[in-house]
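Here the structure of chain S is known, so what remains is to put chains D and E in place on it, guided by the hints.
If you read the protein sequences in the order shown, they are chains S, D and E.
Under the working numbering, the very last position in the first sequence is 251; numbers go up by exactly one each time.
Under the working numbering, the very last position in the second sequence is 1113; numbers go up by exactly one each time.
Under the working numbering, the very last position in the third sequence is 1461; numbers go up by exactly one each time.
FYI, nobody ran anything at the bench for these hints, they're computed from the structure.
Just to be clear, a hint being listed does not mean it is correct.
[Claimed, not checked] Here are the simulated lysine-lysine pairs, DSS-like style, with alpha carbons at most 25 angstroms apart:
1. Lys814(D) - Lys137(S)
2. Lys99(S) - Lys206(S)
3. Lys1249(E) - Lys1333(E)
4. Lys1105(D) - Lys137(S)
5. Lys191(S) - Lys206(S)
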Amino acid sequence: MKALECDGLKKSFGGVLAVDDLTFSVEEHEAVGIIGPNGAGKTTVFNLITGLYRPTGGRVRFFGNDITAIDPARPAGLGIARTFQNLRLFGSLSVLENVMVPLLAKGGYGPAGAVLQSRRYAAAERAARERAMELLSLFRLTGKASLRAGSLPYGEQRRLEMSRALAVSPRLLLIDEPGAGMNPKEIEGLLADIREIKKAFALTILIIEHQMKLVMNLSDRLVVMDFGRKIAEGTPAEIKKDRLVIQAYLGEEKEKTC
Amino acid sequence: MTLLSSARRLIIVSAVAYLLLKGLFLSGLATEYLQQIILYALIVIIGALGLNVIYGYTGQFSLGQAAFYGIGAYTSAYLTHVFSVGSALPFLPILLVSGLTSALIGYLIGFPILRLRDDFLAIATLGFGIFVRVFLDNSDRLIDALGGARGFVGIPRITSLDLVLPVVVILVLATRNVIFSKYGLFWQCIKDDELASSAFGINTGRMKSMAFTYGCFLAGVAGALYAHLYTFLHPSNFDFLKSIDFLIIVIVGGMGSITGTIAAGLVWVGFIEGLRIVLPTGLLEYRWVFIPLLLIILMFWRPNGLMAGKESKLLGIAKAP
Amino acid sequence: MELLSYTLQQLINGLQLGAVYALIALGYTMVYGVLRLINFAHGDIFMFGAFVGYFCISRWHLPIYLVFMIAIGACAVLGVLVEKIAYKPLRAAPRISLLITAVGVSLFLEYFLSLNAMFTPNYIAFPRPFDVAGYDLFLVTITNIQLIIFSVTAATLFVLYLLVYRTKQGRAMRALSHDQETASLMGVNVNATISFTFAVGTACAGVGGILYGFAYPQINVFMGIMPGIKSFIAAVLGGIGLVHGAVLGGLLIGVSEVFVSAYLSSTFRDGFIFVILLLVLLFRPNGIFGRRIEKV
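Isolated chain S (complex conformation) (with noise of 0.2 angstroms):
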């Protein structure tokens, strides 16, 4: 079963056209990376996926259901999750409280129930925490449950983030640079955490990664992007020796250069 379709995928602003023709599918529990120049389109992507952005052509289909702009609201009840490139992490609540808020979002109690401190409200708050608590205990974050989320350093918020995009149970993982920022030791940790989660929790992974270490060893397939547009698509093996896919790096190393 296909666990995500996209299908000429198309999105322009004003006069830009930022995705292209995007046509790639994603098999349930594959890992697949998308990976391009920046300015490529990749979260672009992330956001037509997610709602964020309405196509301006083209569907997206998730397990065959239709999710074309969608509300931005919805896709976490049907079992889609991401990051974000730039880190949303509710600042000023606790750690804690972040991975609390998509097991609590999912319903348990109303207002009623919070008011008079119902059995309900307390049966639905115990269990959250404790579900919460084992998220965090898979980053290795429990020590520091009740800190500020804005308090923590770079990397204990990336691992924060991805608690909390777990929370959701999802079953399609949307995950945004996860590696930007990070020593080699690093994305090697990060790299064995995204395989544990992956299987343990049996997800279906889409990666957009510029760390090459990375993205190469996790994913099973690979989409190039450029421009917007597809321009190769593949395993690592067949991606590392594509001519265009060499061409739209190099291009960019040579305007590097300059």
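Just chains D and E, lined up with the frame of chain S:
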């Protein structure tokens, strides 16, 4: 932890406060004026608490809290007039209805305006405040008893310590419980990052509406109590400056702190009234210059307020671990 | 015929009011374009202009052209002062803090100037250094005051056009309102440009203040509140950040207000502005001239 046990400390503290104040009032040590001021402070706290929910927790900058305060005031006064209510017990349903009226109007207004960004929301709520003021000024064309620009006179004096303090305690308790629940959490998420909030399943539109509606409810209840304390209403009581009053209390006390709102409400009312007593008549007008200066200084020095995010354990408001 | 004459007359009256609103709206729109800030104090600078005019004419008996120049200068100075003292230090702060500060400045100006030691809270008669005369033109009567308002407004708009589109500072201002970061990288002096924007905007408001005084000769320290709000909404109606939007919006609001007052009821003239705001926000939030901007 059940409701009763988690509320125990707050209830005890409130009972003590009630006894102290009751003793003070009955003993004759407190003048009529002082009693009125104390009750007014408690009433203002309710209204400011509403704005704290809307703005302090959820981050929706509303400059129209006074409008909902006024709607509650006029609704209650009209109802006690129509139903010839003179005492506290039959007043209770009117109190509730007044709050619900403000809440309903807030809910309806919320549809078009709550999606706006903060500066535009400010203008929209400001505009709504003007609209309500104009409406109240001309209200006698609709219903003569409302008095229009002449004012609404002859409102029965129903508000007393016995009425206000329990209402304040109940509303503080209810607000505290909602804040400590997932709703309070979601509201703060929305304030921090609305986009991320929806990505994790929060229905931001509904949550914002809920915060706004509840805040308007509190304003309406406060207005109703106010009307039956001062027994006279005039549209000019519910203008932009009154909204600023609530805003200052929320900011000074600390955004997202119930304790802060209570403390700031008491201090602020005490201070403003104190100025009226202390300043020689020639300098009285300087009070109004001082208020905006304070606002500006706060923005430079402590924009989140003094007790932002902190609650008092002593008063029983802080979350039990 | 009667109806046509009456309607046209109200149209002229509406344009008179609208011209003043347009002048005030310009300041709001330019400052918003550059700083994304609603300068709540702008309406009070309009009021200040009217009072400056009052002092110039009534106390010092200055010729009209000098009155305008002094008002322009005084308002520009006040505008820049407010910007430097209250807004500039908070430029890095969250936008709400800036907004609240603007509210504070507005209230401060109003209440400070309402002190008995200053302008007092009373209504003051604005002097007219000429006699009112009306000229019959087909179906309508135009007063000399209206002619003055129209011509001065047109002249101001012309000068503004030159400033914004034909000078270096104007170009810098337009660049800044598009993209602050890039503009500063391109060598635009951000601080100077922002001050320039404030100065030009408040100067227009000052002109508006005097014209308003001629047309409605009762001034008062709180007179800037309602015109300020209406003018801001006018700027939103036309498309916030766009100069031609402010002009069109101002004229439209002025005409609508007079028509509502003439045909519906004068009691609603202040209340209906909120209805207009709601309609704009619901149906065309980017204003008449604004492009449809993608959300997010």
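Evaluation of the provided hints:
Annotation: proposed proximity of Lys814(D) to Lys137(S) is violated, straight-line Cα distance about 46 angstroms (limit 25 angstroms). Between the alpha carbons of Lys99(S) and Lys206(S) the distance comes to roughly 36 angstroms, so the proposed pair goes past 25 angstroms and is violated. With a C-alpha separation of about 22 angstroms, the suggested pair Lys1249(E) and Lys1333(E) falls inside the 25 angstroms cut-off, and the hint holds. Note on Lys1105(D) and Lys137(S): the hinted pairing holds, with a Cα-Cα distance of about 22 angstroms set against a maximum of 25 angstroms.
The hinted pair formed by Lys191(S) and Lys206(S) meets the criterion: a straight-line CA distance of about 18 angstroms does not exceed 25 angstroms.
The earlier numbered hints that this structure contradicts are 1, 2.
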